[in-house]
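*Asks:* For reference, the chains in residue letters:
There are 6 protein chains.
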Amino acid sequence: MIFLTRRATFSASHYYWNEAWTAAKNEQVFGRCANKNGHGHNYTLEVTVSGEPDSETGFVLDLKWLKDVMEREVLSAYDHRHLNLETTEFAQGKMIPTTENIAIAAWNRLEPLVTAGGGAQLSRVRVYETAEIFAEYRGEA
Amino acid sequence: MIFLTRRATFSASHYYWNEAWTAAKNEQVFGRCANKNGHGHNYTLEVTVSGEPDSETGFVLDLKWLKDVMEREVLSAYDHRHLNLETTEFAQGKMIPTTENIAIAAWNRLEPLVTAGGGAQLSRVRVYETAEIFAEYRGEA
Amino acid sequence: MIFLTRRATFSASHYYWNEAWTAAKNEQVFGRCANKNGHGHNYTLEVTVSGEPDSETGFVLDLKWLKDVMEREVLSAYDHRHLNLETTEFAQGKMIPTTENIAIAAWNRLEPLVTAGGGAQLSRVRVYETAEIFAEYRGEA
Amino acid sequence: MIFLTRRATFSASHYYWNEAWTAAKNEQVFGRCANKNGHGHNYTLEVTVSGEPDSETGFVLDLKWLKDVMEREVLSAYDHRHLNLETTEFAQGKMIPTTENIAIAAWNRLEPLVTAGGGAQLSRVRVYETAEIFAEYRGEA
Amino acid sequence: MIFLTRRATFSASHYYWNEAWTAAKNEQVFGRCANKNGHGHNYTLEVTVSGEPDSETGFVLDLKWLKDVMEREVLSAYDHRHLNLETTEFAQGKMIPTTENIAIAAWNRLEPLVTAGGGAQLSRVRVYETAEIFAEYRGEA
Amino acid sequence: MIFLTRRATFSASHYYWNEAWTAAKNEQVFGRCANKNGHGHNYTLEVTVSGEPDSETGFVLDLKWLKDVMEREVLSAYDHRHLNLETTEFAQGKMIPTTENIAIAAWNRLEPLVTAGGGAQLSRVRVYETAEIFAEYRGEA
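Protein chains in written order, with our numbering: chain A, 922 to 1062; chain B, 922 to 1062; chain C, 922 to 1062; chain D, 922 to 1062; chain E, 922 to 1062; chain F, 922 to 1062.
Derived by calculation from the structure, the hints in this document are not laboratory data.
One thing to keep in mind: the hints can contain errors.
Which copy is meant is left open, because identical chains are indistinguishable; a pair holds if it fits in one copy or across any two.
[Stated by the list, open to error] When the alpha-carbon atoms are kept at most 20 Å apart in a straight line, the in silico EDC-like pairs for lysine to aspartate or glutamate are as follows:
#1 985 / 1050
#2 985 / 975
#3 1015 / 973
#4 985 / 948
Just chain A, with the same shape it has in the complex (with noise of 0.2 Å):
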C-alpha cells in the first residue's frame, strides 16, 4: 500500500466567535482572532490518499483528478473567500472555522468523491494555517 499526498494552497478570512456566548467571553478565548472584521491566511490543503499502484499507470490514483477534486470540491468554496460569511459549513455560525474544523470539512467535501470515483481510499487530510499550525483528520472518531 502506498500513501500519495498532493498539497494546495487557498487563501481565505476568518475569524473566532461563538454566538452563543457574549462579546466579552469570545474576546477572552479568542482574543485578537475574535475581530469580527476578520483575518486571513494562506492555507495549504494537503490530501492523502491510499491504495495499491494501479499495475498498467503505477498510479494509486490520477493526480490530475485528484486536483480537479481539490480546485472544485474545495478550493472554489474556500479560496479568496470569508469563511465565516460564504461557506455552507461555517456561515451563521454553525461551526467555527478554526484549522482542526477546517480539516474536518475538507474530508467531508473530498470523501465522498475520492472513495466513489477515485480508486483509492482518503487516508488524510492536513490543513496548515500557518508554517507553524496545523491540523490532520484521519476521518477517525
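Starting from the known structure of chain A, arrange chains B, C, D, E and F on it as the hints suggest.
*Replies:* Below, chains B, C, D, E and F without anything else, positioned relative to chain A:
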C-alpha cells in the same frame, strides 16, 4: 557596508476595490480579489537596513530593537486586522492594499524610526503576499 | 479525532561524548560531533496533540496555551543554551543530546502538562536538528 | 521507540509510458508526462528508521552510516540519471517510474541493508517529486 | 519605484554537452551533467518588473497578466520538456542549457512582452535549478 | 552579466561578548547571546559571483569549483566549530561573531580565490543565521 535583514509575519484580510469605479469594472479588473467580504494572507515583512557594523558590538543595528520597532510600527497595526477597514493607510478606500502599496506603507511607518534611532539607513522593505508574489520598495522614486 | 500541531524553534549548542569511552573512541564514533567546544543548530520543535474539537470553541486545545507551555517547559530551558552544560537531562554526561534523546526529553517535559491541563493527549514530539534530519517520539516503547 | 529520518535529494529524468498501449492511449492517460524526450525533477528521498536509542551513543542508527547507504544504494543509481533508460527497476518498460513506484523501489534497495547492518527497522520511505506531490511506502501490502 | 516579483515552476530535462569537444573533454568538464540520457530539475522562474504603482489599481503590473505571459512565453516551451531537444534556444547544441543561459533565454522571451504591454520594465529574471543554485540576469552587459 | 549563486550550510556555536566591557554591560547589551557556554545555529552561506557565461561551457564559473572553494575556505573552518574559540577571525575576542561580521569574514576568505582562479568577480556574500535574520556584504565600504 553591510545589509542586515529581519523578517516577521502577519496575517491580515484585504480586498481590492476602487471606489471611483462601478462594481462591474471592479470585478472585471480585480476578479476574485474584488470580493468585498475579503480574503486573507500570511504576509511576510522583510526589512533591510544598511550601515557599518559598530566596532564595539559588531551590530549594524540591534536586531532586538528592530524587532520591537517592526512589531510596534507595523505588526500591531496590520496583524489580525482587515487592511481595508482598520488601517490608516487603506481605510475608506484611500489606497488599495496591494502588495506594492503595503510595501510603501510599511516603509513609511519604519523609515523615520530607523533613521532617527537605529544608527543605520532603511535600505529596503519587501512584502511577500504568498510564496509566489512579493513587492519591494527602496524609498526611491 | 484531530491531530493538532504547533512548531517553535530554538538555537542551542551541543556535542556528543560518552564519558565511559576514551577520547579516541569518542572521536572515532562521533567524528566532528565530538568537538567539546560544541557546535550548534537551529532546532525545530514540533508538538502534536490529539483529541476532539471542543463544540464551543472548535479547538482540540488552545494553541496560545500550548505555545506558552512549549516556551515555559522546553524553550526557556533549551533556547540559547549549551545542552551538555546547562540542562537537567544532558548535563554531566547523563544522556547524550542526540536528536533522538532531545525528542524524548521534550516529550517528558511536555506530557504531564498537556495531559493534566490541556484536555488533549500528547500524540507526537518531533525535533528537527537540520532540514535533513529529524527524530520523532510517540511515547511508546 | 524513536522514528529517525534523514533526507537527501537527487535530480533525474523520467517519462510515463506503458509499452502495452498505443501512443494515443499513452498520451490520453499520461498527458505531458508521456513526452518520450523526458522531463525531470529534483526528487527528495526521505528515509525513516525506527528503534531504541542505543544507551552508549544515543543513536537509533548512525546517521553517517545511513547517509552512506542512501548514497550508495539509491542516489548513485538515480542521481543525474534517466530513470526509464538507466535503472534496473524502470528500464525497458518494466515498471513506470511514478512517484509511487520510486518509493517502492527505494524501499527495496534500502530495506535489506538497514535490517542487516543498521540495528534498526526501516519504517518508511517517502519520495517528493515536487513540493506539491509525494508518495510514501511502509513496506506493507 | 516598486519591484514586483512573481514565481512559477517548471520541470525539465537537460544535459551539458559542447558539440565542438570530444566526449572525453565533455565528461571531464561537465562530469555527471554530460550524461546524454539527460537528467532533470524542478526549476523556479522568478520574474521581477519595476515601475510606479498605478494610482487607480495600486498595481505596478497586473499579476494575472504577468502569470499568463510567463506561462505562454516560457512555461509552455520549457515545462515537461527536454531543453536540449525541444527548445529553440538550446536545440542542436546552439547554446548549453546552464542555469545562466536559461535565465538569459527567459529574459529574451519575456522582455519584449513586458515592455510592450505591461506598462513596466523587466528588471530581473532569476532561475533556480535547485534550492542551492540560482542565476540572475538583469539585461545588462 | 550574470549573477550566479551557490548556497551551503554549516552548524556552529557562538556567543557575543566584548572583552572591554563588564559582564553586566555584556549581559545588558547582548542579553541571552552573552551566555558564554555558547549557543548555535544552522547557518546558510550564500555566495554570488558575477561575470559573462563562457561561450564554450555556458558557465560564469564552474559550480563544482566554487563548491570546493566554499568548503575548503569557509566550511572546513566554521562547520561543527565554536566560532569564538576556534576561528582565526573571532578567537580571543578579536571580532564578535555577529551575522554581519561572519559575512565579512567569509567574503575575505573567498574573495582572493574567486578573483584569482575563478574567472569571475565575487559579487555578494549573504549569511543566514536563522530563517528570519541574514546579513549581506558586497565588498563595499
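*Asks:* So, for every hint listed, does it hold in this structure?
*Replies:* Outcome of the hint check:
| no. | hint | result |
| --- | --- | --- |
| 1 | 985 / 1050 | between (24 Å within a copy, 14 Å between copies) |
| 2 | 985 / 975 | within (15 Å within a copy, 36 Å between copies) |
| 3 | 1015 / 973 | between (38 Å within a copy, 17 Å between copies) |
| 4 | 985 / 948 | between (43 Å within a copy, 14 Å between copies) |
Checked against the numbered hints given earlier, this structure breaks none of them.
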